[in-house]
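As you go down the protein sequences, you meet chains A and B in turn. Each step along the first sequence adds one to the number in my numbering, with nothing skipped, and position 46 is 100. Each step along the second sequence adds one to the number in my numbering, with nothing skipped, and position 199 is 200.
Calculated from the structure, these hints are not laboratory results. Watch out, some of these pointers could steer you wrong.
[Stated by the list, open to error] Under 8 Å between C-beta atoms, here's a sample of chain A residues computed to sit facing chain B: (1) 71; (2) 72; (3) 90; (4) 172; (5) 173; (6) 251.
Glycine residues also receive a C-beta, built at the ideal position from the N, C-alpha and C atoms.
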Amino acid sequence: MAKAAIAFPEPKTVVIRSSNGWTALNLRELWVYRELVYFMTWRDLKVRYKQTALGVSWAVIQPFLNMVVFSIFFGGLAHIQADNGIPYPIFSFVALLPWTLFTNALNNASRSLVSHQNMITKIYFPKLVLPLASVLSGLVDFLIAFVVLIGIALYYNLTRQAHITITTALWTLIPFLLMALMTALGIALWLSALYVQYRDVGYILPFLSSILQFISPVVYSTTMIPAKWQMIYALNPMAGVINGFRWAILGTPTGPDTRLIISAVVALVILVSGMIYFRRMERTFADTI
Amino acid sequence: MKPVILAENLGKRYRIGLTPQKYRTLSESISQAVSRPFRRAGAIIRRSVGQDVLQPGEEYIWALKDINFEVQQGQVLGIIGRNGAGKSTLLKVLSRITEPTTGTVAIRGRVGSLLEVGTGFHPELTGRENIFLNGAILGMRNAEIVRKFDEIVAFSEVEQFIDTPVKRYSSGMYLRLAFAVAAHLEPEILVVDEVLAVGDVEFQKKCLGKMGDVARDGRTVLFVSHNMSAVLRLTQESIVMEKGRLVLRAPSSEAVDYYLSAGNAKVGERIWEAGEVPADAAPFRPIAMRLLDKAGKIVDTVRSTEAFKIEMEYALAGPLTGLRIGIYLSTARGEFVLTSFDTDDQKHFEKYGSRPAGHYISGCVLPPDFLNGGRYTLGVNASSYRVRRYFMDEQALTFNVDTSGAPGMQWAEPRPGVLRPRLEWKIESK
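Excised from the complex, chain B in its bound form:
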């Protein structure tokens, strides 16, 4: 069967503004200064007839490069990646908002794109008027909007205010109305970017439910999100993008694991360079977070059957009262396993109520026979309770837990669950 979307060799190049000039000799500088206005004027003229040329000092960047993929009818494909990985650019190309620089995409069917909810909403117009306007902007026929009007209003839960200008709406109401219109779009291919990050939790659930319905109707959906649980719930397969390239296409659970572990989180040791630490962290300065095995060696894989140590090294430029260093252990998919603070213990809490300026390491040991096999993420947080949070990195480190030698390894099946304790079983025959 022919794919609904077939992207071949897709690339998109953008110009980026002035990069810092490299050191030059005086004669070069002078000749540049003379020729610059001419090159600039030339660029302005050529650009105003639609040519893609650089002005002096500008550079190109490939937001998408060598993208190849296909999507079958009825498939729900997740697109995941960090900010700036090219996800949105890809959606823009697929929805014909911007043209690719290289390559082609063949698309069979009407594409409805939701890159934003409420595009074209006008604050002065009433809810009712905006529904019609926004519907038309999203490509719905007038008759279609009339037919679905009541359904849209009911979905948005703003019945009472439907004849009030939307500038009087709360932001939640505004987003609900906007999403309600979008949710009733019925194209053959739906392209959705992160619009579920709107509204309260209840409404998000409702939106996800609606998306699920769309998918079950046999429509093709491309879904970009940073919400991994939404990706896992809605999609069977996902692609992972990194720096404009498609690096992985796999069943969603695998793709999500890859994404969560391939990112900022370094393996074994995370060192914070001065430039990476936000200025408002002061006087706290993180230095490094490490994972150490029994022998004190930095490792990225620990054995389930052995204890291991987590260390956080940091410096204080001034004394801090009530400081606590917390670690957050979660699975690579984002389920929390535990949270622990270095001053959890009453004795520590009293002793370190105030810490003078200096260089510290807070460390703890995780017991053997504790975690199940898989990938885990460690986050760190430095705060004074109810006073201030100095620093936080939710994905400071990732590591693997290897189950060799763990209880039950005589059976090669994967074992669900986060923990893999060695429990004392008693088998009695009566």
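In isolation and in its complexed conformation, chain A is listed as follows:
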């Protein structure tokens, strides 16, 4: 029998032992597993609209129908005014873009561990891959919906109901988008880790999404918030994100200022604390899920 027919490079020794307390973030390992992040994202995308009649159109229909409903009830019946006389539909659609991305990412990522139980109990990999891939796969929907936004903007420009121009501020959408993803991932890291142990999180999620929507300027404008509450309002990172989107695309007076810094810091704190908590709980996932 030909033993040791393959020459192995001298492998690293890994010592497996019980790790107590707080562990290092170990982002390096996540990097090693980047292909898995890619494949899980790809799988999410592939599978998401399988066996649906409308397919990928759902990425557009969701925010679009929300826009219609908001325009009728909030813009029409409740007479909520958009800044600078911007037509309400496009005013809300611009907010719905990052908002839909955010809630979908939050929901999918929070459920990602429990919905991949099998992988967690049968395979070793950095579990961070799962919520991360869920968050990333929402980006494609966002891009599709963004194309629709361009269509809506063209419509309003052509019918001269608004004048939306391409400005240099548009590049700021990227950091704003990043901030939305960071926030969604951060909250989802907390919730997904808790969800492994307590399925109560599944009931909290829809409720949390609607509360967050009320405290974010999705259907109304931040300018409606009294000045003395503005700083507290800015503690919600999504307020910063939506204000930024409206400012960059529609030119509303909600551009970057101190409040944005507050939002960004909160987003970062949520993300980092989420990662630390997630890493701490990670070692118990396979046993408690």
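Fit chain B to the supplied structure of chain A, relying on the hints for placement.
This is chain B only, laid out in the frame that chain A set:
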């Protein structure tokens, strides 16, 4: 040389859910009822920051305890034991899926674990897509999967359907594809749990062949299986686990013998308690199976040179038509020696075509100079031919056969074979 795997003092503790409450006084009950919600809330909070605490009524169980062993490079080690003996937990610890509670394992090299085939397979995706996805999940690089793609497809024998969603596959095709991906994983250490129990016999053979190749390549393999012939074929050495402990490490043939004989099979006499009999056995109820020597004494060792009796005692709650009690005699390794039924004889068959309710003993005598020395297992089965099987226990009893006084004992060598008959030799000189 340094071992590839070195496990020291390994232990794994799990919480198990509510155990029945013991009888308490009223005042105890009240004070418990008051403090319980607080202790519970405390446990919930402490648990959600990762502490391992018990809620009221919960208990710990050690799934692994004091496990020490080492594995050298290129060794193929079998792990055998009953369900719940801790085999899977051990593999999970070795593949870093779960952390040990105590002790350490030092591992040199990349571990590929196959605790299940098809992990991460998505029914909506095609065979092709699932190969890439599953490969990535098992830790293969994309380039590696691309390189081996054709080989994987050929191995799985599903070429025609490779672009069909796997939800349209038959279960056999699904498993073949899943195993094919897994089989092409090339880690330095391969940890395999029972995945060979898939597919048809042909495919199983192919899988075993593939495993053998892996082992010959000089990789280290840890192999858990209930298939003893696979364990014997693939491994030189095995460890036997019982209730979370490692009870034996020995050459595989020895370990398999130990495992097969140390289990449910009781020695000399097997008595079935009411709780052990499945409800669907009714109206048949097994009572006991015994091995008796010439003098009618219950024994666990019989002499090869003497006749012995096998008895099956049972009760019928109602009349049964066509009932037959069968015994299955096999070696401790699982090779069948014989099968016999109490109504084999034509006269018995006619007389006992229908048995009224009552208490029975079916017994038979095995002749002297019949079995070779070694360990044997007796199974029992109660059925009506082509109607129903009432009861079956494949390992009801084990016993030893001692060869002292048997023909040929002047030579102390072990004699291969199951039978040890006293044959009439004639030696003629011409």
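A quick look at each hint next to the structure:
no.: 1; hint: 71; result: holds (4 Å)
no.: 2; hint: 72; result: holds (5 Å)
no.: 3; hint: 90; result: holds (5 Å)
no.: 4; hint: 172; result: holds (6 Å)
no.: 5; hint: 173; result: holds (5 Å)
no.: 6; hint: 251; result: holds (6 Å)
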